[in-house]
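**Student:** Spelled out from the first residue to the last, the chains are:
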Amino acid sequence: MMREKNISARFSLVAGIRQLCAGVAFALPVLLVAPAFAEPAPLAPLPDAEMPSAAKVKLGQLLFFEKRLSGDADRSCADCHIPEQGWAFPEQMSIGYPGTLHYRNAKTVMNVRFAEYFYWDGRLDGGNDLSTQARDSMTDAHFMSADGRIMGQRLKQIPEYVDLFKKAYNGEPYFGLIIKALGDFEKTLVSKNVPFDNFLKGDSGALSQQAKAGLNLFKGKAGCIQCHNGMMLSDGDVHVTGVPVNPDLFVTERYTTLRSQQMFLGTPNYWNLKQDPGFFAVEKDRKYFGAFLTPSLREVATTAPYMHNGMLPTLESVVDFYNKGGETANNKDPRIKPLGLSKNEKAALVAFLKSLSGDDLGIKSANFAEENMPKYKLKQWIGEKN
Amino acid sequence: MQQYKDREPGLFSQVQRATAALGLSLFVAASAGAQTAVEVIKDGKTFFEIDGELFPALEALGPPPIPRDNPQTVDADGWPVKDDPKVKLGKLLFFEPALSGDGSVSCQTCHVQGAGWALNSAISRSYPGQSHWRNSQSVINAAYMSKLFWDGHKESLETQAPSAAKGLAGNGKTPMMSARLQMIPEYVAMYKEAFGSIRNPTKDAWRAISAFERTLTSVDSPVDQYLRGDEDALDEEQIRGLDLFNGKARCIMCHNGPLASDEKFYNLGVPRQPLFSDIPKNQIGFRSQTYSAGVPEEVFRSIKSDLGLYFKSHNKEDMGKFRTQPLRFIEYTPPYYHNGVLDDLEEVVDFYDQGGGDDYVLEDFGFSTKTRKLKKLNLTDDEKEDLIYFLEGFSGEEIFISIPELPKAPARISLR
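Line order of the protein sequences matches chains A and B.
So that you can map any letter, position 155 of the first sequence is 155 in this note's numbering, and since no number is skipped, the others follow by simple counting.
So that you can map any letter, position 163 of the second sequence is 1163 in this note's numbering, and since no number is skipped, the others follow by simple counting.
Just so you know, the hints here were simulated from the structure itself, not pulled from any lab data.
Among the clues, some could well be false.
Said to hold, decoys possible - Partner residues aside, some chain B positions facing chain A, computed with beta carbon under 10 angstroms:
no.	residue
1	1097
2	1098
3	1103
4	1128
5	1130
6	1173
7	1175
8	1179
9	1196
10	1199
11	1278
12	1287
13	1290
14	1292
Stated by the list, open to error - FRET-style restraints, in silico, Cβ to Cβ:
no.	chain 1	residue 1	chain 2	residue 2	range
15	B	1192	A	124	35 to 41 angstroms
16	B	1079	A	129	55 to 61 angstroms
17	A	129	B	1280	32 to 38 angstroms
18	B	1277	A	51	38 to 44 angstroms
19	B	1277	A	275	53 to 59 angstroms
20	A	370	B	1300	28 to 34 angstroms
21	B	1298	A	377	22 to 28 angstroms
22	B	1060	A	176	50 to 56 angstroms
23	A	380	B	1120	25 to 31 angstroms
24	A	370	B	1378	52 to 58 angstroms
Ideal placement from N, C-alpha and C gives every residue a C-beta, glycine not left out.
With the rest of the complex left out, here is chain B (with noise of 0.2 angstroms):
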């Protein structure tokens, strides 16, 4: 990304420098004829305001909350080191497929680092003889979040993790599981080192793939140069794309703050995945989750698309609802959303120039749950330009690690 190292300082920034002594003011930043973002300063913090509301701007990520009941070492900045023995472990266990039900499958399988760490597939594999019913996601960055998945049903990546291995990913059994790598002396030994001993192998495992996602963070992004205030981080046209964001375009309405997600929920009508009316393994897929959710039979025999939220909160409100997807590394992982129905960036800034989708909630059930904060943009051609520009500068360096060699249970065990 270093191309857009050597341009002109951005519009935006000189703004943010001209309003950052005022306590609160409203600025309309003057650009070139086209309608732009209205930023407020409130208590020393920046907003912008669309449709009466501000929202919080973009920042810059700091390094990832790690919870009190996992701690990692972190460097002086607080940034988590790849030296540490849990990380260490956590790094080889994201490769281990022993932590699957037939030993074939790990995180790696459907994170994967030369795919964004995530699939290129709309639709994520699953264990062999079954499908999956969503995108793969991200786990770049995923230590940020506070609500993980697509509906945001896990609170942790402590949590999210056993769900991944044991369910419709991994197909795991903890006993099966945990047995497997109490076979593994060079495990042994690194739990030892980790945790104190391998009694708990499993849970174990979660909090060191955890430790070791901390360590996969995206910070370096042309955008987070920027909002550190370098200046020359964004081009020209970024700028403008910047100002779209945070204004005409009105991302910035869920896409805010330092994850640029509020982590809310919402239906935007993202359409329906074709590939579900097309291949019977996919039915078998979505059918299972939705049937495994346990929702009322009426509505578990309405399914067609999927519920998102529902799935968690039973509220037919929360219909067709998903978490605000965080935009950072968003170059390396299409297709985009739940579905991956849209297959790049221009197709998601389309989209949204459209209003979002028809909403298939209503088609299935009669009622729409689909979000108000979504209207037609009417982007022009240069705009729609602008604004990709700008969301390709939110992804940093591919990210890139050694593939370790996992260690290997002897053929026969030797008791002491």
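Isolated chain A (complex conformation) (with noise of 0.2 angstroms):
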């Protein structure tokens, strides 16, 4: 199977091995010829995964909700990953920490334990460090400025804490452990009892006549399979397809954040940016200038608004876009093209895309709403040792 990856050209050798172990060559260069897509990987099931010990999973949860991890004791992960809006932020772009705002739109964090890279520019490793991203999400100025030495001991100051991390780690509060556990909680964010999934293992009553018809649409006509693919629904790559920019990411705060965050990835022309460079802030290439990282379409009906920047406001919204081809844009990936659907066909396309979301896991935010938060206690200082 040969495939070729834009996104692969940012890694060095180590993760040109990498990837040569998992089997996978490199072809030409795409532009060289006409295009030569590379085979889509199957759809599958989400596999049974291995989950973190339940006093890990009980901390990392606990963790995910406290805002006292972030520098103002004011933002905490599910600020932005709300469990009832598909642990994403339902607005077209997110907040950010308090006295900025984000340029764009919140990912969840469904199923992040199977992501092949993360952020909507595909700029980290995923794999299955999680770790790594949550430890960028409480420091970055912009999602929780935190300084993680003294995180630690804000928690060393909440007994509770102190007990939990005994009984999960056998270790006191400090920054490694706390990314650890939130990427322990983490790892439990599963799509559960998912219709396609279901449907995969054999139960072909599990989608709907239309839903059926949808991913015949979505493997043939409609060709989204094309990127859209493996168990994550994304070929771990990136393309430009053309969503309009927001005009709201000229909103100062928002754009302070963009041109901060640029500047600090080194992009080109980083103080005069006209859109969301994507992938060019990695690859410095002007062919990967709004190039995104194709999402994982799992639990994709519980996420609106969509893309990047969220300009698209719908499921259906999405498949007329792609119908009509996209928007007008340079580098526009040649796949993205009017594909000619019916009203019944795009409906059937919105129905498959509505199977791949799973039972809620029963989560609630108001279980940790600051009352119900363990306090900050005051130890005995001297004669006690730190």
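Reconstruct the complex from the two isolated chains, following the hints.
**Tutor:** Rendered as structure tokens:
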């Protein structure tokens, strides 16, 4: 199987070897010859994955809702990844750390343990490493702006946490264990009882007729599977699809975050960006300007609005977008082209997309409201060890 | 401080005048019975002798030094002028909350002009959600210091400012703070004038703020006027206080020279701050800083009170040592010491009268680093009063400036 991946270009030898080990070889750069696209990986159900111990999950879950893990003690992971909102944020673009606004849609944290790469621009390795991402979330100026060393000391001031850390990891709270616990909790955020997965496992009644028709379109006429494939319905690669620029990108606080982050990433011309540069920030090649990682479509019914900047409000609007071949954009992927889908076909496609969501995990934000969280307690000072 | 003006000429200055002509001489000033300062003139400079050692006399302050790599306009006498583009920008930035993580804290938040350009609380506030662990210092005359902070760990205002905006004070991150400033057209114009462009928004912000701080000087105190030769500037009690300062009370051993600080480090046995035993958030602030200092684990586990210079040097002999504080403007900056544990100058003088305090380093680590320079002073109540009067004479006019109106970013960005 020959697959060329834009996104692998940024990895040196190490990543190359990793991919070779995974049985994937590099093909000639796609643009040299007429597009010869890779055979899509087959769609597959999520595997049964090993879960961390109950003690670890209990701790990690509490931390996920813990606002004191941010500088100002005013943002938790769950503020932007709201369980009741598909573990994402229900607006086009996310809020940020107090005093900031984000310039992208908040992605869901459902099924992240299976993600190959993280973020809309795919700039971070996924694999099984959720801690590195959690470190980013806690320390980035626009997310939680925390100093990890201080966060450890905050939790040490809360006897319940001291106890939970001891039970879970036989250690005391410190940054390294905090991000580990967050990652361990995220490992449990796996879709349950997904109709499409049940269908793939042999329960042919799990999908409605309409959804089955949608699946066929997805694999056939609509061509979605060319990019949305494998068990995550993502090829783990980046593409320009021509999603229009969100005018609210130029709201000063959002643009400030864009500029600050792009400055940090060393993006050429970061001070005068007229749109989100996407993967261009990672691989500084013009052809990636505006290219984004193919997102997973799991749980997609619950994570509206859609695309990196939330420009598409509903699944219907997403299908319309693809049906008309996206908007004009430089370097747009040639597979994004008018599809000529009928009204019924569009509805079928949407029905299929809805079959990718499982049962609610039953985790309620209200249970973690401030008054339910454990409190700072005074410690005996003189004579006690820190 | 005008009330001190029309008093008798001071004894100290009479002695000074009498000795001025001699090369090296030793005077025991003959005041009414009490023990007095021993003045020594050596190579034309005045010193006071205590325990066989010479300490440079107090002197009036001249203009602050200006670093070569951050020039600013000065007047004919070398004083930084306010009408310099860099200073004007620095003034705005001193009040600018964009220079913090959540945009809610500016330098002025903890260096409040009505509170001696410091804070009246024993332990400073921090950014929201966190607490600090030390008393906020005045920025008045910080321009003269070559070791900044209570533990002297920064060498210049230019290197001090970023650690204030980014650390436990402001929690700001450079790229975000830079981008925020660049969004504000007035700043773009002011940076252009002061620095040529706004390509280095934060680095140049520290330079501008430093230039502004160099205009925040207090050099007109009665003590300064007196030291410049105006004998009426101090009254009789204050002159007796000065004599005690230079002699029996031993203050000159550390608070000497033009700054009234030798910029050296001592453990005085400053009492522990009970707020750390009493408030959970203070315990967090305290441990966070000691943890971040990267000291060996066994030390971290035992730290219950601030170890000062040790956090910089990691040398056990430096445990509990702090920079000698300069004394100008002191009246406006209570409470006192690195942990704000003493409320007023009466308590400070009582503290020295008792020879300083118990050494918490000894209690926590089993060895003492307390300075031998402090001894029981046996000051009478009158003497204490004289000394306090004199200390008050170190404070000139309170310094107020107009609060600038800060430029704002437009609601939306329009690109060229």
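**Student:** All hints, please: hold or fail.
**Tutor:** Taking the hints in turn, this is what the structure says about them:
1. 1097: Holds - the Cβ of residue 1097 of chain B comes within 10 angstroms of chain A, reaching about 8 angstroms at its closest.
2. 1098: holds (9 angstroms)
3. 1103: Since the shortest Cβ distance to chain A is 3 angstroms, the answer is holds.
4. 1128: For residue 1128 of chain B, the interface hint holds, since the closest Cβ of chain A sits about 5 angstroms away, which is under 10 angstroms.
5. 1130: Given a least distance of 7 angstroms, the restraint on residue 1130 of chain B holds.
6. 1173: OK, holds: residue 1173 of chain B within 10 angstroms of chain A, min 4 angstroms.
7. 1175: Nearest chain A Cβ about 4 angstroms off; hint holds.
8. 1179: holds (4 angstroms)
9. 1196: It is violated, given that the least Cβ distance between residue 1196 of chain B and chain A is near 16 angstroms, above 10 angstroms.
10. 1199: holds (9 angstroms)
11. 1278: This hint holds: residue 1278 of chain B lies near chain A, its Cβ roughly 7 angstroms from the closest one there, short of 10 angstroms.
12. 1287: Where the cut-off is 10 angstroms and the nearest Cβ of chain A is about 4 angstroms from residue 1287 of chain B, the hint holds.
13. 1290: holds (8 angstroms)
14. 1292: Hint on residue 1292 of chain B: holds, closest Cβ of chain A at ~5 angstroms, below 10 angstroms.
15. B/1192 with A/124: 35 to 41 angstroms: holds (37 angstroms)
16. B/1079 with A/129: 55 to 61 angstroms: holds (58 angstroms)
17. A/129 with B/1280: 32 to 38 angstroms: Roughly 34 angstroms apart at Cβ, these two residues keep to the hinted range, so it holds.
18. B/1277 with A/51: 38 to 44 angstroms: holds (43 angstroms)
19. B/1277 with A/275: 53 to 59 angstroms: holds (55 angstroms)
20. A/370 with B/1300: 28 to 34 angstroms: Holds, since residue 370 of chain A and residue 1300 of chain B (Cβ atoms, about 30 angstroms apart) stay within the stated range.
21. B/1298 with A/377: 22 to 28 angstroms: For residue 377 of chain A against residue 1298 of chain B, whose Cβ atoms are near 25 angstroms apart, the range 22 to 28 angstroms holds.
22. B/1060 with A/176: 50 to 56 angstroms: holds (54 angstroms)
23. A/380 with B/1120: 25 to 31 angstroms: Holds, since residue 380 of chain A and residue 1120 of chain B (Cβ atoms, about 29 angstroms apart) stay within the stated range.
24. A/370 with B/1378: 52 to 58 angstroms: Given about 56 angstroms between the Cβ atoms, the range holds.
Hint compliance for this structure: hint 9 alone is broken.
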